[in-house]
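Now for the letters of each chain:
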Amino acid sequence: MRYLRYLIPLAAFLVLTGFLFKGLWMDPHIVPSPLIDKPAPAFRLTQVADPAKSISRDDLLGKVWVLNVWASWCATCHEEHPLLVDLSKTGLVPIYGLVYKDTRADALKLLDQQGNPYVAALFDPDGRVGIDYGVYAVPETYVIDKTGTVRFKQIGPITPEVLHDKIVPLIRKLNA
Amino acid sequence: MVALAVALVLGSVPIVGAARGNTTWMEVARPAARALFVLVLVASACLVASFVRDDFSVLYVATNSTRALPLRYKLAAFWGGHEGSMLLWLLILSFWMFAVSLFSRHLPLAMVARILGVMGLIGVGFLLFILLTSSPFERLIPAAQDGRDLNPLLQDPGMVAHPPMLYMGYVGFSVAFAFAIAALLGGNLDATWARWSRPWTTVAWSFLTLGICLGSAWAYYTLGWGGWWFWDPVENASFMPWLAGTALMHSLAVTEKRGGFKVWTVLLAIFAFSLSLLGTFLVRSGVLTSVHAFANDPRRGVFILLFLAVVIGGSLALYAWRAPKVGLGERFELISRETMLLTNNVLFLSAAAAVLLGTLYPLFLDSLGLAKISVGPPYFDVVFVPLMTPALFLMGIGPLARWKHANLPEIGIRLKWAFGVSIVTALLLPLALGRWSGVAAFGLWLALWIFAATFVNLWSRLQPLTGGLVARLRSLPLGYLGMLTAHMGVAVFIAGVTLVKTYESEKDVQMEVGDTVTMGPYTFRFNGVEDGSRENYIYARGAFEVTRNGRLAGTMHPEKRQFMAQSEPSTVAAIDRGLTRDLYVSLGEAVGGKNSNAWIVRVYYKPFVDWVWGGCVVMALGGALALSDRRYRFARSSRPAIEPALSGTAPAA
Amino acid sequence: MLRPVLALALVLLTVPFCAGAREAAPVGQDPAIERRMMVLAQELRCLVCQNQTLADSQAPLAADLRQEIRELMQKGQSDEQIKQYLVARYGDFVLYRPPLRSETWFLWFGPAVLLVGGLTALYLVLLRRRRLAGAEPLNADQEQRALALLSEDEGQPS
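Protein chains in written order, with my numbering: chain D, 1 to 176; chain L, 1 to 653; chain R, 1 to 158.
Derived from the structure by calculation, the hints contain no laboratory data.
It is possible that part of the hints are untrue.
[Stated by the list, open to error] Under the rule of at most 25 Å between Cα atoms (straight-line distance), these lysine to aspartate or glutamate pairs were calculated in the DMTMM-like manner: (1) D:Lys-101 <-> R:Glu-103; (2) D:Lys-173 <-> D:Asp-145; (3) L:Lys-372 <-> R:Asp-64.
So here's chain D without its partners, still in its complex pose (with noise of 0.2 Å):
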């Protein structure tokens, strides 16, 4: 019995094995949002197309959105911005833009070229409304449902399988 004492090293160890290696399927730099089932930050901002055009988060309320933080500056954004114009063009979700500390005019060549699946590109160039949103790494993407709560959060570019397994599946349930 008392021999257990001797014990107690190896099990602490094992223990600490245990965490180690669940560990080393996580990855340590994702900032988890903490927004998720709060409601989303209140903005208002301009149209990259239109200045004179503004649009307000209590103008999507009552219906489900999509918002897209990106920047013509950022690699990773090209890559994922073919996704969004296909999903642009099954009319599931309205996606809205944020275009993230850039220039209208480098915002509206990338559009122009590689397609536009904005129902409309909001202009944050200082990066406030990002700030507010908790951007750190565009691009980003939020899912809102329609009484304005942030329902999901992906960060980095969105890849075929987060699209087809996460984001549509929760938008058919939101929109349900």
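Given the coordinates of chain D, assemble chains L and R onto it according to the supplied hints.
Same frame as chain D, now just chains L and R:
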């Protein structure tokens, strides 16, 4: 691969031989260890040659070097990436094996066989890892025209010295580990074992101290913002073995002198090396974010974790099995040097546990899906300092305590002068430095206390002796002098840390040519930036004139370097070092358009910061002194191990 | 007549601003706020260069966040409020000092508990040792007891 075969032989034959009492098998150990070393040396030489010859058909060379890289950095690039650094690990492991094979004539053959066998097994693990997942000899076909260059941050003398020193340290703990395992296997856990374990532990500890010190000093001048310790996971990975190793050294002293707590010491030896291995895992597996992290790959991580599980799990299981059978040492009272040393152990281990906890906690919470937090300097500073403080205080008392039964009142009397002087000086000194601060006074008191108590100790040892000062010092055992030196080193270190953290100041300014900025008595005048180029980078070199109270004190030249093979520029700070302060200037960015010549500049005043590293060097020096003690010299004959009587070191002071 | 004089006056007035040595302008506008901001930023983690504090990082987001903090301070917000602001957007990850919550109790109190536990165990072990005899040999019965007690004693805290 040949090395792998040899290592396998080395790993199994001698141990089995020892278990069976088969002398021939046991004798395989020494030559096998030496052969292993030679083979690994040859492999390493091949890699070095590839670098020197710019052989870009070797993938590792292509990713870490370039034609224009200066020769010394081509050599250092050997350990610049993951694969090469693993080879370095292996090289140093086999070097230690070689050293053990040379310096172990006085040990019983069975013991040597087991020690080398254990180290051989560890070598097997590393060889498998290298061969299966991380070979630096992978080919790149077709060969590249030129390499991608060594990361510019690494193109620095620090890179040449820091990793090898560090590895000598924590790989060196494998020797103490092997001794412990050998003792558990053989069942002969006695004072002899402790005595012969001790020098190996001390030398590894000294190297590790220097390695960490170099890493910190290097970060200080290379990262551009004057920091020298960040509680970064990789720094912690090397600090934890150091803490455990310090505990081990002190515990070995008890076991050697008094035969006590052998089982505990064995456990500590296992811990120290386990923490080294754990550190290796943490840095390479992608499990934690770190400034140092090598390229990450879960597959490698799994391999290392498996290896860890086998080695550490195995050794702890062995411990659980064998340890209960070991006997007690001699008695000692509640108040005695033994107790103080053991308290030291508890304190150092708690500190190591705290560092481990802080480093891994984000991982724990994340894997349980509970939260994603960060644990940084605010946590470590708050938790670590209170844990270490009692240890520092005891450092003054411990060496004065007798073995077996210490007389506290007597110690109190001897130390009351030291106590008084240190408190008064500590309270007054901050005023002299410009601004009183409770924190500074406290830190200074600890440093002064250690200094004064150590001095009292030395004085009382010297008093009864005759002769001139030097002659008297010479007659004292080096082990004792080593201890004093190392403890003084700690005092210097504490003083440095306290003073720099309390009194440092920083200014972030935008300067155009001719502008000045003042820090204390120093004025810095910006004289513009000139452009130039070297072998593999272009640079912008700033010129600053420093005056003190009107008189020229020096010029400083911080640089901003743009390496040709990298996209981000790197900063090289200009440091004007001094015994009592460092002046530190670094260039930020050029601002404004093409016509403006303005730069963002950071200027720091860091008092006594060099004491931080100076203290570490003194500590390592203490270790070296202790190593040269007469006890460990065994000039000619290969006398078998003898039970040490009262050895030449201090019977209680 | 007047114009050349005015022109000269203008030139003379601007000269001190253009030429000559002068004390360098600090990067931030208000030195007190700047200092306070840097102290706070030392406790915050940069999300892009995740191994640097917000104070040290050169990343664009870090510069943006430092500016945000400056503005919040100018509006009179306290350090605590600013931290809450950032945590609401980025989560606890951004704090280098982990908040004290039920999940982090073990983190904050663990080391103290371990230390106290270790010292207590040490004390108990030492007390037990005193009871064990030194030199006289043990008979078989005593040896059994000794072994049993031994394993208790030798079970050191980890």
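Going down the list of hints, with the structure as the test:
With a C-alpha separation of about 37 Å, the suggested pairing of Lys-101 of chain D with Glu-103 of chain R is violated against the 25 Å cut-off. Annotation: proposed proximity of Lys-173 of chain D to Asp-145 of chain D holds, straight-line Cα distance about 10 Å (limit 25 Å). Restraint check for Lys-372 of chain L and Asp-64 of chain R: satisfied, since their Cα atoms lie roughly 23 Å apart, inside the 25 Å limit.
This entry does not satisfy hint 1, going by the numbered hints stated previously; all others are met.
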